[in-house]
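Chain A is fixed; fit chains B, C, D and E with the ligands onto it per the hints.
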Amino acid sequence: MIRLDGVGQVFDGREGQVTALEEIDLHVQQNEFVTLIGRSGCGKSTLLRLIAGLISPTSGTVRVAGDPVTGPRRDVSFMFQRPALLPWRSVLSNVMLPIEIDGGEGDRGKAAYRDRAHQLLELTGLTGFERRLPHELSGGMQQRVSLCRSLIRDPQVMLMDEPFSALDALTRTELSEELQRIKMELDTTIVFVTHSIEEAVLLADRVVVLTPRPGRLREVVDIDIPRPRTLGQNAHLTEVARISGLLHGLLAEKVAPVEEPAPRQVDEVRPR
Amino acid sequence: MIRLDGVGQVFDGREGQVTALEEIDLHVQQNEFVTLIGRSGCGKSTLLRLIAGLISPTSGTVRVAGDPVTGPRRDVSFMFQRPALLPWRSVLSNVMLPIEIDGGEGDRGKAAYRDRAHQLLELTGLTGFERRLPHELSGGMQQRVSLCRSLIRDPQVMLMDEPFSALDALTRTELSEELQRIKMELDTTIVFVTHSIEEAVLLADRVVVLTPRPGRLREVVDIDIPRPRTLGQNAHLTEVARISGLLHGLLAEKVAPVEEPAPRQVDEVRPR
Amino acid sequence: NNDDEGKQADTGLTKVSYLTSFNTFGREAYAYVALEKGYFKDAGFDVTINPGSGTVDVMKLVAGGQADYGIGDFTGAVITLGKQKLPVTTVGMIHQRSLAAIVSLEGYGITKPQDLVGKSVGDQPGSTNTVMFPVYAKAAKIPADKTDFIPSPPPALPQLLASGKVPAIGQFVVGVPLVEKADPKHRKAVVLPYGDVLPDLYGNAIITRTDLAKDHPDQVKKFTAALLKGLQDTIDDPAAAAATLKKYVPQTDVGVATEELKLMKPYVKPDGFNDPLGSVDPQRVQTILNLLDEAGAIKPAGSVKAEDVVSADLAPKS
Amino acid sequence: MTKRSWLKDSPAAAVLLPIIGLAGAIALWWLATIVFGIESYLLPSPRDVVISFMDQPSYLLTETGTSILETVEGFLLAIVVGVPIALLIVRSVLLERLVYPLLLMVNAIPKVAIAPLLVVWMGFGQWPKVVMVLLVCFFPIVISTAQGMKSTPIELVELLRSLNASRTQEFFKLRLRYAMPQMFTGLKVAISLAVIGSVIAEFVGTTHGLGYVIYQSGASADTPLAFAAITLLSILSIVLFYILVLLEHLLLPWAQESR
Amino acid sequence: MTKRSWLKDSPAAAVLLPIIGLAGAIALWWLATIVFGIESYLLPSPRDVVISFMDQPSYLLTETGTSILETVEGFLLAIVVGVPIALLIVRSVLLERLVYPLLLMVNAIPKVAIAPLLVVWMGFGQWPKVVMVLLVCFFPIVISTAQGMKSTPIELVELLRSLNASRTQEFFKLRLRYAMPQMFTGLKVAISLAVIGSVIAEFVGTTHGLGYVIYQSGASADTPLAFAAITLLSILSIVLFYILVLLEHLLLPWAQESR
Ligand SMILES: Nc1ncnc2c1ncn2[C@@H]1O[C@H](COP(=O)(O)OP(=O)(O)OP(=O)(O)O)[C@@H](O)[C@H]1O
Ligand SMILES: Nc1ncnc2c1ncn2[C@@H]1O[C@H](COP(=O)(O)OP(=O)(O)OP(=O)(O)O)[C@@H](O)[C@H]1O
Ligand SMILES: [Mg+2]
Ligand SMILES: [Mg+2]
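Protein chains in written order, with the numbering used here: chain A, 15 to 286; chain B, 15 to 286; chain C, 3 to 320; chain D, 53 to 311; chain E, 53 to 311.
Isolated chain A (complex conformation) (with noise of 0.2 Å):
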């Protein structure tokens, strides 16, 4: 469904050139929940932004369900850390705004969205929250929402970048659970970015360990513990346990534990 071949990634920074990914190759299987970890820096972001078409590599090729990827497309869908919904839109109306964006469906064609749209947030949990405005919402209902939002298009691939990072415990656990089933449900392909080792195993198929400085594959880790899984008091917890302690260990080797790099400075944002 996705594949990267020797795919690398330089920037202009201010500070002469960075070197964000080298020589990837990753092949995710239809269907297949990929999760990605490594230390802040290392090029996670930047690799989902390349499947996405947000930008393009400098070097190898990026193919999404074959065809190489040169911009955006409509079956794949980017879910981000924070929920990013427009703050004066509804629920309802931030999870159809992919909708909107497309235009042309006709009438018809939206009602039925909306339908879908009806169906996600019931999926959800949300129903009965359609008109509320963002602000009114907790931070685990808003990252419902954005879960809805990029699912309404029923994208073949999500890609994920630390959806559910800013949750607490329960409220991540409880999104986990669903985001599993929805899978499960839809039959898409997910590539996952976690700072948390323990969610990693927790969700995936398969473990990506990048290494930092330039970003490359260290390891690639097969999970599999069968489904569901939860963390509840289960017989999961110490298989989850086990293969962090593992993980662990990788990424925190050749590590100087000092410095770490300053958080990247964000351009003023324009439109292209």
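Please note that the accuracy of each hint is not assured.
[Stated by the list, open to error] Calculated lysine-lysine pairs in the DSS-like style (CA-CA distance at most 30 Å, straight line):
hint	chain 1	residue 1	chain 2	residue 2
1	D	225	E	225
2	C	140	C	85
3	D	240	E	240
4	D	202	E	240
5	B	124	E	225
Derived by calculation from the structure, the hints in this document are not laboratory data.
Relative to chain A, chains B, C, D and E with the ligands alone:
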């Protein structure tokens, strides 16, 4: 060291009264490490603020070192979720802020504290960064500066409100280890709020579980895993996992998962 | 707030502040001449000259003690005093005839008072020309309410006239050179002086505070004399006076200023006027008051007496 | 605590306290005129001002109406002109670099100085007044709108891009909407300026509006009348300001909470 | 990409582009006067303006100096007066509620209308000019400083409180410092107003300063001279603006990154 007897806290919210805490009895020993977990809005921060003397309880009494708490004390320090560094101050001068606020130490005293600051910065691996401004540091480094600042007055009690929750998994573990080391060295009493059950178990001598609406003590769990504890490939993993599972169950009890509280509206901040 | 009379500088000179009638045009040169030639100093004064901004403002500033002497239109002063009892009086005349006029340009179809009927005139609100228009209209036998006065700031008047936005403007006779200079087509100005039909009107007068006039008459007389000496020199040699002005006010156009001063001469010292410069004729003052009463410019009629507005005994006499 | 929160929260306090403040200021002013025996041509007492207003209330209100009309027209025009300029500025660094100093320069021109020129250029009608209002108040509108659009969070912009939205969609569905709270800040600054602009414009070439009343009464030593007009202007300005505040509350319910 | 980033990043572009913009505007203006054959008393061409300036450069520069002095004095005074007012506003809801409408009202008064009154009250010296500048520009300073202090993040305020800092420490060690970037926004708005304020003040009761030159030259139909003075004013205003920008960069290195 810290003693709460029948402590309750009621807020005058815009839509009537909110009972944040009710009938809390808690006794924290000298040099004990207590972690506090609970759903969002169950009153964890309120509890810390009561101990810190930032607010006074509507019922019951709070004592630190035997004296009823009437306001912030020199020997109690508070550390927040976000580093809360003053952006125009260098690392060193941020660490020295509490001393500056105290004023009247005389010049000799100040010099001694400056030495102490350098010592703390070294302890946390920040030597060489003394003159940097906060925005030139990574999130983890900023949080370390904040840690140094909360240690500069040699506090008897440290209150920590989700101090590591904005950090990535690895940095988080590193700082947790550092915190344990410092605590053993300095003999401080620590009350630590966290969203992460794993972290709570890893750090604590005792874990306190709060239930929401109104906030009450649900359970106090003793953790007797030997120290120092880490998440690396070692034996504590499964122990931690087991207790985590248990706590997870406690937290998830009778929780209506759909509606969470909307984020508390932070009042316009005004001086007292 | 009037302790100025006691203010003795180190030099032994009395500090005095003086206000021109409006800005620092050529027509105001005489004060600078008196200053330049040391007439003020000889009379024992250290004078500071500030630009005024119209009769009413000058009266207010003098009344409020911000200035000791000022120049303002006599008729305007009388009308203002009719509305508001400011503690000021006049102690001499600069112009024996009124300079007020309606000015137009050739080709705008205005050559006589009757042509003003149905036209609009640009002028500063509250200016003498505007206020006196009903009196003028009555004397010129035209209906006063058939002419519109469009308020415009003084600086814009010449341009408004030149660009044809208005066919006529209120202007002092001495302003004519400026008006002609502002016209890029170099048309000649058409002037309808109020003095033609109202020969009794005075022009500018010297204004001072009532208490100063009452308590220090000698000082006032000395100041007036020095100022009028400058006025005499000015009309005797307009070009030199203009040059003096240029010294103090660099952006003066000497040509225009000289022209203004030449035009001003017959108003300061009309043909057949043989009294000393600056003198006041109580008879004429009463005539003016009557005119204003009749025109309804003073309400209620007769509420202003001659002694309220002039301190005739302080004015120069033959 | 209870007292504090009453002051802070009760709607009555929100209305009463400003009124008390104003009343106190007026009382002080009155006291000053009496204690120092200030002449009314220097500083009229509130009583003189009220008397002066009661003398000819309908005339003054009519003139206020004229000023309101010009102010509002010019203000709306400034929005119509300013927002597209802001769009251009945000759209391209090049344009911003080119245009910004020009805007600064136009803003720096003392408008009073060109009021007569406007009349010379445009005659005595409404136009020079409306244009003056426009000139005086478009700058803050442009700046705040541009600033607001630029401060659109990167995550929202990326969201739209990931949805393959067009530039136009990005501007109209996102940036302009996002800029609205900041735009309102600019509008609130601009409205006071707009009122002042209409006054300046009315000093020249008209016999209507409060500006004319002020100019005229200044010239005829009627200081109380001038103060009556100035008071009306201040009231007008405050009312327009609070209308904007109200509009903001109604139009942008989502913005109030995220302060 | 390379071109975009050149426009965005090179310091040369940051200086050159604005100059090109200005030059373009001047060229357009010139063209207009030629193409439409506009008379110089209506709109002088840039050439007329330059000639007019070259006629008496030292005189004009001296008058510019006078205006600069008044502007800067009044501006500094406005800071000295405005910041404590902002402090009071932030310190107490009560005071804010009482004082805010008053500030609005003072801001709403058309300053041109009271310029003559200031002279009547304060005489012909520098004072009425400085006070006028103060009146014209203190409002944005107060508002932006107050807004900045109010937007101090709750976590920083709590930090100081947990350290048992006094109120004074809270204000001077935290809020005031935190407000500085927003304060600079206010200062940048205020500086243009300050320049305009000095001009308005110089219209009345003085023979110095660019305002006087404008008034005087208007009265003597010397439009090119008026434009020369207006141009000098605009330049002055822009220069003062960029001085503030520079100061901001130097004084607040931490603020630039957290945009
Ligand atoms: N637009 C850009 N210009 C210059 N450098 C960039 C840009 N985007 C990313 N980088 C650099 O590329 C590297 C990888 O960044 P990326 O955001 O992909 O890391 P990440 O793994 O997502 O980090 P985090 O976990 O903190 O989100 C970093 O060193 C970053 O500074
Ligand atoms: N100043 C206040 N005024 C009114 N209500 C308050 C105030 N502070 C806290 N509350 C309420 O008290 C309850 C407990 O709040 P608290 O911040 O202590 O929760 P918490 O456990 O720290 O939550 P979180 O995990 O989200 O930080 C919440 O319902 C909150 O809305
Ligand atoms: Mg990332
Ligand atoms: Mg909390």
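Results of checking the hints against the structure:
For the suggested pair residue 225 (chain D) and residue 225 (chain E), the alpha carbons sit about 41 Å apart, so the restraint of at most 30 Å is broken. Only pairs whose Cα atoms come within 30 Å are accepted, and residue 140 (chain C) paired with residue 85 (chain C) is accepted, the gap being roughly 22 Å. At roughly 17 Å between alpha-carbon atoms, residue 240 (chain D) and residue 240 (chain E) fall within 30 Å of each other, so this suggested pair holds. At roughly 18 Å between alpha-carbon atoms, residue 202 (chain D) and residue 240 (chain E) fall within 30 Å of each other, so this suggested pair holds.
Distance hint between residue 124 (chain B) and residue 225 (chain E) is fulfilled; the C-alpha atoms sit about 18 Å from each other, no more than 30 Å.
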